[in-house]
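Using the hints, position chains B and C against chain A.
What follows is the residue order along each chain.
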Amino acid sequence: MPPEIVIPAIDVRVIAPMLTIFAWATVLLMVDLFMPGKDRKLTGYLALAGLAVTALVTLAVQPAPGTSRTSFSNMVVLDSFGTTLTLILLLIAAFSIAISINYLSYHNIEMGEYYPLILFATGGMILLGQSTNLILVFLGVELLSITLYVLTAFFYPRYTSEEAGLKYLLLGAFAAGFLIYGIALIYGGAGTLDLFEIGAFLNTSLAVGSAFPPGALLVLIGGALVLIGFCFKISLVPFHMWTPDVYEGSPTPVAAFMSVGTKGAAFAALLRILIVALLPFKIYWLPVLGVLATLTMLFGNIAALMQPNMKRMLAYSSVGHAGYITIGIMTAGTHGTESFLFYLLAYALANMGAFAVLITLERRGEMAWSVDDFAGLWKRYPLLAIAMATFMLSLAGVPPTAGFFGKFFVFAAAWEDGQIFLVFMGVLSSAIAAFFYLRVIMRMFMDEPVREVIPIFNRGLTITIGIAVVGTIVFGLLPTPLVSLVQNSVIALGVGG
Amino acid sequence: MISAVPLEWVLILASGLFCVGLFGALSRRHAVSMLMGIELMLNAVNINLVAFWRYTQPDEVGGMIFALFVIVVAAAEAAVGLAMAIAIYRTWQTVNVDSVDSLRG
Amino acid sequence: MAQSEITQADSQSPLMAWAMRGGIGWVLSILPLSLTLYFASLLPTITSGTVLRVSYTWIPSLGVDFAFIVDGLSLTFVLLVLGIGTLVVLYAGGYMAGDRQIGRFYLYLFLFMGAMVGLVLADNLITLFVFWELTSISSYLLIGYKHAYYSSRSSALQALLITGAGGLALLAGLVLLGIAAETQTISELGSRHELIVNSGLYAPILILVLIGAFTKSAQFPFQFWLPGAMAAPTPVSAYLHSATMVKAGVFLLARLNPALGDTPAWQITLTVFGAITMALGAYLAVSQTDLKRILAFTTVSSLGTLVMLIGIGGEHGIVAMMVFLIVHSLYKGCLFMVAGNIDHETGSRDVSILSGLRREMPITFGAAALAALSMAGLPPLLGFVGKELIYESTLDARFAAAAVTTVAVASNILMIVAAGMVAVRPFLPTGTTRHSTPRHPHEPPISMWLGPAVLATLSAVFGLFVVQVMQPIVTQGAAAILGEAVEVKLKLLPTSITGYFLLSVLTIALGIVSYLYARPALMQAGKATRGALEDGFVNGFTDLVNNTQAFARWITRALQSGYLRRYVLITIGAVVSVASAALLTRADLSAIRLFDTPLFLWETATILVILAGVALVLRARSRLTAIAGLGTVGFGITLIFFFFGAPDLVMTQFSVETLSVLLFILILYRLPIFTTISHRYSRLRDGIVAGLAGLLMTMITLLTIAGEELKPLTPFYAEASYVEARGRNVVNVILVDFRGIDTMGEITVLGIASLGIYLLLTLRLAPADGQAEAEDSTGKEQL
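Protein chains in written order, with this note's numbering: chain A, 3 to 499; chain B, 37 to 141; chain C, 40 to 822.
In case anyone wonders, no lab produced these hints; they're calculated from the structure. Every residue gets a Cβ at the ideal spot worked out from N, C-alpha and C, and that includes glycine. Honestly, I wouldn't trust all of these hints.
For the chain C half of the interface with chain B, some residues (derived, Cβ under 7 Å), not all of them [stated by the list, open to error]:
id, residue
1, Ile-594
2, Arg-596
3, Leu-598
4, Leu-669
5, Gly-670
6, Ala-732
7, Met-736
8, Glu-785
9, Val-788
10, Leu-799
For lysine to any residue, the following SDA-like pairs were computed, each having C-alpha atoms within a straight-line distance of at most 25 Å [as the list claims (entries may be wrong)]:
id, chain 1, residue 1, chain 2, residue 2
11, A, Lys-381, C, Gly-142
12, A, Lys-43, C, Thr-801
13, A, Lys-381, C, Ala-270
14, A, Lys-381, C, Leu-150
15, A, Lys-381, C, Phe-149
Isolated chain A (complex conformation) (with noise of 0.2 Å):
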């Protein structure tokens, strides 16, 4: 009996923005080997180049609406939603990046493989996006997880950066355990990676009768490890212990990178494997993810409450809008997609933008980030005082600002799907956050300086910063042409079509 050897048909449109941007990235680091003295900052505008290239080429290979393609053995599809999240993963990126170019330099912490390492981390993180293999989903998890290992543990001397960076990579390694025995499970039941097979394993193996089949038991398991790793990454409650310690610990650009990137694909990939593959477990995936973001929501914003340290302020109300997506992910219909994207928008767009306020005000040598310095902002510098203003808005969802609609879109489409418990807690849980965002506008307005600290202003800050602030006002007034982007965005439920 010969083998057969059998060559798929390979589309590389499919792969397209992610070759870009791993290509991009190898190139780079070669290029900084040979690139003269200490200075990193081309480096940096170079890779933000790449991440404008691969903007094109996504927009060059998007598919037509309502359509997706599929390629290498169906291992991964480039449909509409795949292709927004694509472009709003590298526009946070590119904030990161520009938030980080003096950053480095200032913090004594500036090497040059430090771009290359952000566009491998975005390259995961689109792979995560457009997986409909659990191999791939496992690969783009770990590939997003090392390389912000590493990019945690990065800023040397700080002793908490790398007490952040071995918190996170233990747990990290616990998260990946779970996310691995869950596939191995899945496997074990379904006798297939493949998120369109699973699909069809459970539709058909569900429909023969009233018992419950013991393959499918096993992927219900597996589903269930699978969740709980991506809990680990984006930290619901009790999974989230990480979070506060490796933000806090990191350099804020990378925080600020993970507090958005790395959810927004985690989340998306969920969603995907949710809708793609567990939909007929919905009756059993949905209580759990409602409980958990339940106590995500109460809890994240509960503890930000008292946070003396702005970093770990917004870490956990990171945290607690980790929770809000859920919800969002949990109606997963169509609406649920379309909530989900539109939030995620609006939370990068603020919580970019507080991260890039944040930076402003960070001093050498300095591990505080506390709130005190942000007492009568508002007098020194106005305009970033109007800005942080704007963000904690949007953050705590106050009209006009993106983030009211953000948040009026999952609690409608929750609404809709018949999670009214949920949306009590929603508004409940945001009445307590709306409290200590609050907090920080009115020290900035209210309250006399504490102490002198003299904000650093550099272009990509203050670009940075613009973008964010001009964004999350005009899609609060105007949310409309995102909203059509957004409904366009429509995940593929099949191979092809």
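Below, chains B and C alone, put in the same frame as chain A:
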């Protein structure tokens, strides 16, 4: 000659190994030992994976390739972890994870 | 230093100097004035019964439009907002003359004005909410503008928290309302009254909307934030805290009356809470000594009256509400500005030391006197009409008419006392020696007395020409609130002696008597009960906030201990406990069957090898033993892979395992020796958790394969020859290469890992000990 290993046995072995790895990771305070524990857990998963592949889908290669990736990626992760341990030791003069607790609250 | 230089430079420019002296107020007031005139030009159209609507599509997918409506209700509010706004803009120019950042102040003021106009004109629930929140935000900017005046930050925080939380409740309520009514357009809600009331969502909608309205309009039990917010600059108090923003809640209730009203729940809640607020505000007002606090509590009382009147409803109630709304805005705006003038000129707001200002500030006194007469409800001022209508409607109330009327009379008596305290006492000589004030008073500039004078005059003019001026707009306003056309007849003086006229006379008589004789007693009583009625709410709220904060701190510390191992333990513990609970309650454990297949030598031997390795790792005290144990386990697993016939896996596992062992040895020798593992107690705990986790997983796996007819567990050798297998694996390898994408991912992971290790180690590499790390990183790169 060699006969079939019952799937239960393999799965139980894997679970046991996972559990030992977990215990190691929980009880050891040495960062590297925690890593070892996690390595054990990943090994256990791999046994599962390969067993499932063998017993259910011997004609497909997906499971095996996945196992391959797990081995390699886990090793890469462990290597980064070891480097991290060295870095921690340089700065903190300890690798006892209980002493590395400046970030909290 | 820089500041003074600029001031000097500015003062050289005559234009700038003029602007600094308050001239800017005159210029800027043109904007609201022209808007006022524009809206006033709509009066004929609206009073003829026409309703104007404009709508722009905003978010079509959500049914949210930028929709606006001009009817009697919104036009009344718009004219109040813009008209009083014009005077406040003017007033602020004088009041804040010399302020360096007055431009910013005006920016906020106009922002607020715009938000308020948008709020009252909105015809879409979401549009309304957006403007609602905008008024909150801009009001905080205004309150925070002069934090030097800010005696108490905690009170600002209170205002912010209470109205912020109320705003969220309102949002939820409005969204629910939109769902229940199947429309977001406010003017369509009235026709869906039945649908809304019977939808089952009515109760939550009512509660949420009322929380929003009550917090904004300082109704009991949220009344305490308003007096606290009086620390803001006086123009802000005059504008936001009396005439406009705090009326937003009242406006909301009026606007939603056609949709939500006309039910017992609505009527009883509004009447009861409104009456309590009315009485409490009036009672607390007369025991204050600070001018602005007196006014703040009387504002609370008036807001209570308005809410009560909406609750009483019917034509009488709504007409009374419309009239009293205008009455209150006119006299209260005036009195706040008067208080500001007194404060500005004398440097004090304490009524117990102010007296005899009549001589120095005659115009201010005139305005204050007129406004106070309106507040006291004396003819021929508009206040008298308002008071008459209030009594008419309370006597007419559908339930507890006697009780409500009694409360209203008592409150109005106290209001007369308060009016005397604010407008009579500071101006007339008291007989006792005159206290000296921080500054020597004289009449303020025209920009500061024009506002009060105009408002006071209007109180008189509107009263005298109540039929001509008030009747048309009140008719249309009442029609909008009631959702049906009404015929309103207003009159200044009653044509016959009615019950409510007698009540008015009684009120005035008792009020004057109380002012003259009962004030010390009232003051005494107020002071005695202040602990419970005034500070009690504030303290209760502060305690609530503090306790929440303490709880937040405690739970954060407890969970985020900073100990990595505790994080792991908590996480695993949570998973295990939840999963085992689910397993024990749901699954049929008896289905598990154990080991009916015998084991054979090789497998047994392999498993023993692995177990030995595990034991080594667990027991190891020395580093090398532990590594050896780990290696043994790894190689044992390699053996298992071998039995499964996966040669490439065997090769990979073997090489990786070898490398790992080497790496571990290399690195461990650079690190300190193993400390003993954790304490016995914690080891026991860890063992239990790990054991439970293991047991759980074993049960789950067994359960899943129990009962399943797995494909025959064909021994590998029976299926294919060793050679063939190897051949197939070659195919696999080829396939792997062609699959490409995952391999690419894997290679990238490896590349990143080596890059990362390089970074982690070189970044902080002391030149002396570079050797070993360099080895590590190259080792990884080979891998």
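Verification of the supplied hints:
1. Ile-594: Violated - the Cβ of Ile-594(C) stays beyond 7 Å from chain B, reaching only about 11 Å at its closest.
2. Arg-596: holds, 6 Å
3. Leu-598: violated, 10 Å
4. Leu-669: holds, 5 Å
5. Gly-670: Gly-670(C) check fails; min Cβ-Cβ to chain B is 10 Å, beyond 7 Å.
6. Ala-732: holds, 6 Å
7. Met-736: Holds: closest Cβ of chain B sits about 4 Å from Met-736(C), inside 7 Å.
8. Glu-785: holds, 5 Å
9. Val-788: Interface hint status for Val-788(C): holds (5 Å vs cutoff 7 Å).
10. Leu-799: Where the cut-off is 7 Å and the nearest Cβ of chain B is about 4 Å from Leu-799(C), the hint holds.
11. Lys-381(A) - Gly-142(C): holds, 14 Å
12. Lys-43(A) - Thr-801(C): It holds: about 20 Å lies between the C-alpha atoms, which stays within 25 Å.
13. Lys-381(A) - Ala-270(C): Holds: Lys-381(A) and Ala-270(C) sit about 19 Å apart, inside 25 Å.
14. Lys-381(A) - Leu-150(C): holds, 19 Å
15. Lys-381(A) - Phe-149(C): holds, 20 Å
Hints 1, 3 and 5 from the earlier list are contradicted by this structure; the remaining hints agree with it.
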